[in-house]
Amino acid sequence: MTVRVQTEDFDLSAELADFAKGRTDVGARVSFTGVVRDVEGGLDRMEIEHYPGMTQKAIAAMVEQATLRWELADCLVIHRHGPLRPGDQIMMVATAAPHRVAAFESAEFLMDYLKSRAPFWKKEFGADGSCWVDAKDEDEDALSRWE
Amino acid sequence: MTVRVQTEDFDLSAELADFAKGRTDVGARVSFTGVVRDVEGGLDRMEIEHYPGMTQKAIAAMVEQATLRWELADCLVIHRHGPLRPGDQIMMVATAAPHRVAAFESAEFLMDYLKSRAPFWKKEFGADGSCWVDAKDEDEDALSRWE
Amino acid sequence: MLDVMYFAWVRERIGEPRERVETRAATVNDLVEELRTREERYAVAFQDLSALRVALDQELADFDASLEGVREVAFFPPMTGG
Amino acid sequence: MLDVMYFAWVRERIGEPRERVETRAATVNDLVEELRTREERYAVAFQDLSALRVALDQELADFDASLEGVREVAFFPPMTGG
Chain A
-6 MTVRVQTEDF DLSAELADFA KGRTDVGARV SFTGVVRDVE GGLDRMEIEH YPGMTQKAIA
54 AMVEQATLRW ELADCLVIHR HGPLRPGDQI MMVATAAPHR VAAFESAEFL MDYLKSRAPF
114 WKKEFGADGS CWVDAKDEDE DALSRWE
Chain B
-6 MTVRVQTEDF DLSAELADFA KGRTDVGARV SFTGVVRDVE GGLDRMEIEH YPGMTQKAIA
54 AMVEQATLRW ELADCLVIHR HGPLRPGDQI MMVATAAPHR VAAFESAEFL MDYLKSRAPF
114 WKKEFGADGS CWVDAKDEDE DALSRWE
Chain C
1188 MLDVMYFAWV RERIGEPRER VETRAATVND LVEELRTREE RYAVAFQDLS ALRVALDQEL
1248 ADFDASLEGV REVAFFPPMT GG
Chain D
1188 MLDVMYFAWV RERIGEPRER VETRAATVND LVEELRTREE RYAVAFQDLS ALRVALDQEL
1248 ADFDASLEGV REVAFFPPMT GG
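For the protein sequence lines, the chains are A, B, C and D, in the order given.
Our numbering puts the first residue of the first sequence at -6, with every later residue one more than the last.
Our numbering puts the first residue of the second sequence at -6, with every later residue one more than the last.
Our numbering puts the first residue of the third sequence at 1188, with every later residue one more than the last.
Our numbering puts the first residue of the fourth sequence at 1188, with every later residue one more than the last.
Calculated from the structure, these hints are not laboratory results.
In this text, a Cβ means the ideal position worked out from N, Cα and C, and glycines have one as well.
One or more of the hints may lead you astray.
Unchecked claim - With a Cα cut of at most 27 Å, we get these calculated BS3-like pairs of lysine-lysine: (1) A:K116 / A:K129; (2) B:K50 / A:K14; (3) A:K129 / B:K14; (4) B:K116 / B:K129; (5) A:K129 / A:K50; (6) B:K14 / A:K116; (7) A:K116 / A:K50; (8) B:K116 / B:K50; (9) B:K129 / B:K14; (10) B:K116 / A:K116; (11) A:K14 / B:K129.
Unchecked claim - Computed far set for chain A versus chain B, every beta-carbon distance over 10 Å: (12) Q(-1); (13) T0; (14) R30; (15) L36; (16) P45; (17) Q49; (18) R62; (19) P76; (20) P91; (21) V94; (22) E101; (23) F118; (24) D121; (25) V126.
Could you build the full structure based on these sequences and the hints that come with them?
In structure tokens, the structure reads:
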């Protein structure tokens, strides 16, 4: 189980190349990658602020919850902070499990919690100035699925 | 949208490295990889038989259904046939979408349909002889989620 | 004339992957009945239809589907892809 | 004495990322009340508590939570990770 919070980009390919590889008890591997979108074409950059003392611990606690809930062989979370451009990778989650349902559900569980419970805040900078990205009700609602 | 049915292995890293990359309308990418498991330690190899005339068409139809149901920027399915060893990759699905829910759901939809509706049959060879892998009721039941 | 194909353990029980079948069967069920009476190996392979699936011209179909215009019929167990 | 930290637009409204606060507030709500009366910028930042979240010693908490034994309090808007 690995959690990394960093400003540097990550190489999804390299991360997945060795992820839970060669284990004969793993039938399913799922990965999710979040990417900076520029919906209206006016986004110059995004800056992600975080709470250094809390971030790593908060994510590790989510991973811990996932391992209690599902039979997981391995789990990896990487989340970036700092300035990012449209098309840049923001974060990734990877899960490895005996069965596909556990691999999918645990990855979705981690994503839902990262969205609303990991201490990150996104600010967008564009031609029209800057603004903090609002949390979405649907992201908060997504958590109810796991309660 | 790409569908490949092949005996050769695939490089997940290389496949994902360029998958829907550089598109600023894509916020989420999900990948699933299925791997040969050796649950009881007695598996020598698995052989996957398929129905050449039907396989590609059947999978393409599933991908088509997924694109009608979710807003997808891209979709990739690779499925192997022939002899495979424990730990070998069997298949992969990758989806790219504006939002994470579409990326996750479409990947799960494709997996559920591939399990029970793509014309592949698995035979396991071990110390105790060989046997065809039975379809599981839970895999058939999983389809009801999408009806 | 139909191309009839068999996969997985159906193929193993029939003993060949495909054959040309001269038939006037109107439906898949009729074809199955015809084959069953031919030889013991067909009777064995088609013993329990609930354990079988059928595709007509490479599309999944039901056993009561018509064979009119069909060129290729395939019999196989439930699929185990993924 | 408490370490009080601010993130995102709360930090921008307060004008600094952290400060040491001398207080005898018993709960987070009490601390918020104290800060509000200090200066206009606190009143602005803490105007609508439903738009804020609080963490005590780096764990999410409620505004009625006790500050007993707490060393670090952080205020911020709802998180937008992932």
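### Task
Taking the numbered hints from earlier one at a time, note which ones the structure violates and give those numbers from smallest to largest.
2, 9, 10, 14, 15, 20, 21, 22
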